[in-house]
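From just these sequences and the hints, can you work out the full model?
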Amino acid sequence: MPRSAPIEGHHFEALGTNCSLFAVGLSPTRLLEAEFWVRRMGARLTRFSPDSELSRLNAAAGRWTEVSPDLESLCRESLRAYEISGGLVNVAVLPSMLSIGYVRPLSAGPPVATESAFSPLPPLSDVLSVRPGAVRLEPGAGIDLGGIAKGWMADRLCDSLGPNALANLGGDLSARGTGPAGEGWPVGIAGATVLLREQGAATSSVLKRRWGNDHHLIDPRTGRPASTGIEEASVIAASGVEAEIIAKTALLLGPEDAPAYCAAFALAWWFK
Amino acid sequence: MRTAVLKLGATALTVATTMLSALYVTSHLKNPAAPLQPAVLSATRGSTVSVPGGSLTLGPSVQPSDVQPVTSTYAS
Numbered sequence: 020m021p022r023s024a025p026i027e028g029h030h031f032e033a034l035g036t037n038c039s040l041f042a043v044g045l046s047p048t049r050l051l052e053a054e055f056w057v058r059r060m061g062a063r064l065t066r067f068s069p070d071s072e073l074s075r076l077n078a079a080a081g082r083w084t085e086v087s088p089d090l091e092s093l094c095r096e097s098l099r100a101y102e103i104s105g106g107l108v109n110v111a112v113l114p115s116m117l118s119i120g121y122v123r124p125l126s127a128g129p130p131v132a133t134e135s136a137f138s139p140l141p142p143l144s145d146v147l148s149v150r151p152g153a154v155r156l157e158p159g160a161g162i163d164l165g166g167i168a169k170g171w172m173a174d175r176l177c178d179s180l181g182p183n184a185l186a187n188l189g190g191d192l193s194a195r196g197t198g199p200a201g202e203g204w205p206v207g208i209a210g211a212t213v214l215l216r217e218q219g220a221a222t223s224s225v226l227k228r229r230w231g232n233d234h235h236l237i238d239p240r241t242g243r244p245a246s247t248g249i250e251e252a253s254v255i256a257a258s259g260v261e262a263e264i265i266a267k268t269a270l271l272l273g274p275e276d277a278p279a280y281c282a283a284f285a286l287a288w289w290f291k
Numbered sequence: 539m540r541t542a543v544l545k546l547g548a549t550a551l552t553v554a555t556t557m558l559s560a561l562y563v564t565s566h567l568k569n570p571a572a573p574l575q576p577a578v579l580s581a582t583r584g585s586t587v588s589v590p591g592g593s594l595t596l597g598p599s600v601q602p603s604d605v606q607p608v609t610s611t612y613a614s
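Here the protein sequences come in this chain order: A and B. Just so you know, the first sequence maps onto residues 20 to 291 in the working numbering. Just so you know, the second sequence maps onto residues 539 to 614 in the working numbering.
Please keep in mind that the hints were generated in silico from the structure rather than gathered at the bench. Virtual Cβ for every residue (Gly too), placed ideally from N, Cα, C.
To list a few chain A residues with every Cβ distance to chain B over 10 Å, as calculated:
1. G44
2. D70
3. T241
Covered by chain A, per the in silico footprint, the following chain B stretches (three or more residues, Cβ under 8 Å):
4. 588 to 597
5. 601 to 614
See the structure below:
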């Protein structure tokens, strides 16, 4: 059995969820710095604070807005997610979120729907434009970066934490290197353990962030909370953000089409 | 006269080379049934692992383990 190198672990709450960072051969101070980065990014990307960079972008819909390189990169990633999901992962979901009353963190109380009429989301490429250093949303459009941001941040953390690290931001995982025993990072998925090497994992679900009959995961084809026959999908893919995109797409596709989609794009998958 | 000889020689050389090449190629036809060299693995469809509430499908690049996981993916 291979000898395991000691793992430095660090756990904290941020982004409205639990986060964990692991690394081999890294100082606790470096992991603490990474936590501060997560908190700074969370403050910039939350839609629940009117002062966040994301909220300022949403409020400026209709004109070009200067954005940080991180937000520009996330917007480009969102456009890519829209493409590879066939339009199912659409971050222009904010108007629907507001319609179902999801205007504050669930810890502050259950949402109360403000509208009963819902409409399909517009194609993302019609409402979101990106150029170097600036982003434009069409009037009336708004974006919520949600899980894409967590997967993207997990990937960025692993880029910065050295050659042998694992980041878990609320279930969105990214792994670099060979792990503590040289075989990969042992990670739980759907009750089993797998070894991740230069890969990511994510779970998309309608069972969490749920109130009454509604939940937070909007189907862009209807503008309503999704109901496809899959309640939860866990996926392993080439990166954290890739896993997040594929898991959400699989859930939105439903049980008939999700297996074929995952066979084409994922490295491992599980649905219920 | 000398130019004509040179042209004739070049033409004969070209024709001879073409004919010899054609003969060589037709006598060394590619065998479509020949095995790939070097041998390659056939694509695998992946394996499945039974888990509570269904099965986890694993592609060839994901390895299962019985080691205690350091963390898990979950819905949040």
